[in-house]
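Visitor: Chains as they are written, first to last, in the working numbering: chain A, 1 to 418; chain B, 1 to 1112.
In case anyone wonders, no lab produced these hints; they're calculated from the structure. Note that CB positions come from ideal geometry on N, CA and C, so glycine has one too. Treat the hints with care, as some may be off.
Just the calculated beta-carbon pair ranges, DEER-fashion [to be verified]:
(1) A:D92 x B:K639: 35 to 43 angstroms
(2) B:K1013 x A:Q381: 26 to 34 angstroms
(3) A:K406 x B:S88: 49 to 57 angstroms
(4) B:N499 x A:V40: 25 to 33 angstroms
(5) B:D930 x A:N224: 32 to 40 angstroms
(6) A:K398 x B:E197: 41 to 49 angstroms
(7) A:D229 x B:S88: 32 to 40 angstroms
(8) B:P615 x A:V40: 30 to 38 angstroms
(9) A:D92 x B:Q1038: 32 to 40 angstroms
(10) B:K639 x A:V40: 26 to 34 angstroms
(11) A:K400 x B:P227: 53 to 61 angstroms
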Amino acid sequence: MIHSLFLINHSGDIFLEKHWKSVISRSVCDYFFEAKDKAVDPENVPPVLQTPHHYLISIYRDKLFFLSVIQTEVPPLFVIEFLHRVADTIQDYFGECSESLIKDNVVTVYELLEEMLDNGFPLATESNVLKEMIRPPTILRSVVNTLIGGSNVGDTLPTGQLSSVPWRRVGVKYTNNEAYFDVIEEIDAILDKSGTTVFAEIQGVIEACVRLTGMPDLTLSFMNPRLLDDVSFHPCVRFKRWESEQALSFIPPDGNFTLMNYHVSSQNLVTIPVYVKQNISFFETEPCGRLDITIGPKQTMGKTVEALMVTIHMPKSVVSANLTPTQGSYTYDLATKVLVWDIGKLNPQKLPNLRGSLSLQAGAPKPEDNPSLNIDLKIQQVAISGLKVSRLEMFGEKYKPFKGVKYVTKAGKFQVRT
Amino acid sequence: MDVGFSLRSEAVGAMRTAMVSAENLQLTLKTELSQEEQALTHTKRSPKETHKAGNEDLKEMLESNKESLKLEAMKRVVGLIAKGKNASELFPAVVKNVASKNIELKKLVYVYLVRYAEEQQDLALLSISTFQRALKDPNQFIRGSALRVLSSIRVSIIVPIMLLAIKEAAADLSPYVRKTSAHAIQKLYSLDPEQKEQLIEVIEKLLKDKSTLVAGSVVMSFEEVCPDRIDLIHKNYRKLCNLLVDVEEWGQVVIISMLTRYARTQFTSPWKEGAMFDENDKAFYDSESEEKKDQTEDKPYIMDPDHRLLLRNTKPLLQSRNTAVVMSVAQLYWHLAPKHEVNIVTKSLVRLLRSYREVQYIVLQNIATMSIQRKGMFEPFMKSFYVRSTDPTHIKTLKLEILTNLANEANISTILREFQTYVKSQDKEFAAATIQAIGRCATNISEVTDTCLNGLVLLLSNRDETVVAESVVVIKKLLQTQPTQHSEIIKHMAKIFDNITVSMARASILWLMGEYCERVPKIAPDVLRKMAKTFTAEEDIVKLQTVNLAAKLYLTNSKQTKLLTQYILNLGKYDQSYDIRDRTRFIRQLIVPNGKSGALNKYARRILLAPKPAPVLQSSFKDRDRFQLGTLSHSLNIKATGYQELSDWPAVAPDQSVRTVEVIEPVQEWAPVVGKSKKSKSDNKFYSDDEEEKAEEGSESSEGSGSSSSSSSSEESGSESEEESSEESEKTSSDSGKSSSGSEKSSSESEPEQKQKKKTKKAPQKKIKPTAAFSDSDENGNGPVAQASSSSAESSSGSETDSEDDSDSDSPTTQQQKKRDGKSKPKVEVKSKMEVSLLDLDDFSPAPTNAPKSLVVSLSLLSDLEGLSLSNIPSAMQVTTPSFGPVKTYELLHHMTGKGLTAKYHFPRQPCLYEPSMVAVQVILTNSSDHSLEEIHIGDRSPASLNIHCFNAIERLEPEASVTVSMGIDFSDSTQAANFQLCTKEDQFSVSIQPAVGELLMPSTMSEQDFSKDQGKLLGMNETSATVTMATANTSSQAISKQVLSVANVGEVSSSHNSFHRFAGRTVSSGALVLVSLELKESSTALLTINTEKSVMASMLLRDLKQALAQA
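Taking the hints into account, I'd like the entire structure generated from these sequences.
Guide: Right, dumping it as structure tokens:
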């Protein structure tokens, strides 16, 4: 299926290649570079390309292109999903997925790729399984390795590979048994000029960090599972139990994982935590414009809005911004034409405001459209949909684990049109 | 044959020499090494200095005798490979380390070997012997990776060795090794396609594999090597469907797409008019005897149960986190499901839009294709396709495409308002696309055509050139569709003509002028005059349209434009482009009258000014549905290499019995359509009343759809050691599976033996889907032991003994029947059963014995077999499928009052399919009159609020025929009767169903501890108890269970104490826990306690139980 993989950095250098079948010359990437040049913005490169003899499927993540070469018909999502899994694994192993880190750990990455795919078909993609075969680098281990010549490669078949719960290895032991669940909800919204909601929905995810000894069997139940409209689960969750009881029953993987993703049913009106008053205008006659933005709390459920940030993609003709924020700081990146106003905590008594003038390139026509504002925010200790975990039960093991649930609401794709 | 043989022996010979030489080489190398030791000590300190000297230093490091140096060198070599640098000259130095003890070093050498073996074939051969040795290694991991590397070495000389290795590995005990062999098949095939036939044999064998680990990989090989050998799938179809949930996610994608293709060749189309889809009704028809056949044939369409199986088993995968799995299920539903069922994929597809941009791209493409045919599917989610300014352009355009597809009279105003924002977008490419979209909406929805036109005209004054140009083009197309009243717009366009520089737009305006020159008689000549001035500076496309305009004007208004036209024609005559010269010459001949071409001249007007059909503005995704959704071909809109066409539905379904598998396959049990006649025969044999059978069957199919987690959990309540041992025995049995199946089939001689077999079957059957696959061979591997642990089937044993005399052959189906009734019993029960009466074993011990089973399994096997278990680790407590099938049938309608229609009902004790809060009721309708009854259905009900899921109306019931239908009634946990009317075409009969309190419960499985814990929570008000005097016959534990289970649909809880009996259940409607405990006291009295919140139910249940236990 997947023939070869090329890792390409932002500027178009191939810095790693791996072939699972016979070798394909890297000149095949020229077609990709052509498309990349045409697209200008790397985001705009079409994920699926056709060349005379091959098909190229690529993803763009963390300023890197993962380009796979395909020879025959294959579901494109299969490849895309796999490439993202590769990027996830690299991130999981080294903390982030960047060119320099991959170059530093090129052998480990290469070994990982070798294990993940056999003849182009995914073999082991579970992080738990991989970590048993190729141990992630730690400072301690690298010291030990240089001293006594140990290796990063496990010598047995990972137990997970064969068991019916491939996501969990056997013989896990902890002195402190703990299970933490983060319920993170994101508000996706589009507000129009006047502040009315054009579209809003809530997407949630439950991230888990489970460090429990043995083979615990957990059941997580909600106070109000009816809120959940559409869900997707980690393979460990028993779907039938969910269907019959609306509770999550699972044997957790060891460590961090995403337990479920959900979508809150659209009947419930989505509360928008902040309102934005904005006025951006460009003058007809002079090459300049004015900007005035105020943000205030709307429905915050009694909690403080934190990490408030406004990002504006300015029209190309805006050359500089001369603004004064009453709170926080702003930056304007000339190259990307992105204005970022980092506000921080929202104080309801003294609303943050940013105002000032924008100067345009002399002679450039007045921009047709005002740029839209992208809002980022965070509210701790509350899930905006009202979803509540009622309890977590553990079966199969004797000890008492330490349990914790945390709620966070964030802005997802939250956009204000102007 | 001979040739094959000689080839093989040749290969073996070649291999042997290779091995010998490899061995020699290693020996010689070793001596060399020792010689070089001293030399190395000098160079070791400065290995990096010599970097330029073509990897000399690496070579030296590799030849050193220090592991760490070698490892370091190998890491650098792999680093070179990763960067795409050539490291092939190190081959001899590297290949020597192939037998290294250090695992990491060895792995790196493997990596190198696979990369360069093709270039250095001779040297690569030296390593083969190492792998051959490793293939025999006791460690499955080493066997697997050896095969992996061996098969990756692309050297054609070792093809025979590879083939042998693959064949051997395909029969390996370890599923991991078998998986590797499935991968190796593809590698070998790509290396040497001539081995196809041999490889297909291996594939055929591996397809039969029951391990979830292997399934995905072997189907992948199948797709690569022999995708057209559909016949190989038949026998494995049901198994694949049932395994699907447990297969790893990548395998799921491959299997689903293969099954989609398969289903299209094997089933008839579910898309016909008036099709009937209720799967439950269908299941019952199938289970009926032949007389029903006529009836089923009357139906316009009935879905093949296998078709339904596929749809049902793929549905849960829509909740997968893997986007590729979700997409593949979506396409399966799109291509296979009845039209009204496709909608269930919508939500999941929309969910994927939250994923990465690449995922969005593919999903949106597919939604775009779907939304053309089925607007309704995505209309409720229209807002999810609203464009954000931060989306990449290709995502924006796709969303726009979908919004346009979704537009209809009702939502067009919302969409147009949304489009207005898009038109102003800074992304001009996108703005242009929006204008086209507006144009499409305008043509598709006539109500808004004028609004759109006006809007577009406004855009003509836009500052941006691309926007204006696109508007012009779209307006041109729109005007063509209704040219009558738009001269104003044409005039406006003429005015702005000077300011437009985009040639396509200019050409469009010129064409419009020419086409409608009679409506703007004054302006058109003026435009031509301007064009004459700038003609030479225009682009070709504009020039062509100028010539056109000139010609048309010449024909309509030659007085004013004759000279201008001639001038332009003269310019055109000497143009650089031959197209324009051509056109000019042609036009001149056509319109200017001269002697020779007079004939055409007459028709010039009709040729040039013929009314032209309006262009159809349609989606660019219109023709994409020729490709299967979710494929690369669909994404590119071009047939990709290796694309497998999805065939059309066959008009007549091919023989469905090809999918029938011998007894070995438990999957078939629940798919009742196969072998109808057989089944009905067996009904008579074993069951005095066939309702029971049907009830079981019903529960079977509902279980079939259940996931393995629910099934396996039912046996989890047993003690731990027992669980393990039973699992082990199943594993062994799976290995000896094939051989035993044969003997099983043929064994039908003596009755006691037969019975034993049946009994042995029962125990493992509790595991439903996946593990059941292993259950077939207990009698061979560890028969006697398994028997001891197996259960007796209470419900059927009585009738069995009566009827068995007339069963002279034990057909596969009858065995299935036995399985079926054993299957629904939880393990708990099994444990406590004694089979004295059934098994005349002298050494029978009354205590439950399970432990000895594990002795059969040798310890060495255990490690290899670890992965075989397909069941998930069961959950602690849950509602289970019915534990007991004591079917009491009640009369609903007597044939006297019913004018020939008889109706009986019973409670099948299975979860209701329609709504979890309903109690499932099965009604058997029999026509005892001499004429056929028509349109049997349910009419008014009382109380009106009563929530009933009615059965589908029965169109026709022939005399003497009977039909079983299932319905669901929500009794709201009360024993109040449900009254409703049973109607035929002519009459209406009021009937009522009064449930016994025990039928309002669902069995629940829990451990003893949980039971006590929950019981502790339900004390005081929630506890009802009484002392009962039991009939002496009822004091044995299985008699107690039998009595309790006959009264109430509860599950038995395993008890560590002999005098305690515990049962747990939940009320169907509210899910309230009902706990029944029975403590035996001396002299056949017992304390019966019921703990539940529903105190009314408790007292009624107590009464019923008391009665039942007092009876003999």
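Visitor: Take the hints in turn and mark each one as holding or not.
Guide: Checked hints:
1. A:D92 x B:K639: 35 to 43 angstroms: With Cβ atoms ~38 angstroms apart, the hint holds.
2. B:K1013 x A:Q381: 26 to 34 angstroms: holds, 32 angstroms
3. A:K406 x B:S88: 49 to 57 angstroms: holds, 54 angstroms
4. B:N499 x A:V40: 25 to 33 angstroms: holds, 28 angstroms
5. B:D930 x A:N224: 32 to 40 angstroms: violated, 58 angstroms
6. A:K398 x B:E197: 41 to 49 angstroms: violated, 57 angstroms
7. A:D229 x B:S88: 32 to 40 angstroms: 57 angstroms Cβ-Cβ, so the 32 to 40 angstroms window is violated.
8. B:P615 x A:V40: 30 to 38 angstroms: holds, 31 angstroms
9. A:D92 x B:Q1038: 32 to 40 angstroms: violated, 53 angstroms
10. B:K639 x A:V40: 26 to 34 angstroms: holds, 30 angstroms
11. A:K400 x B:P227: 53 to 61 angstroms: With Cβ atoms ~54 angstroms apart, the hint holds.
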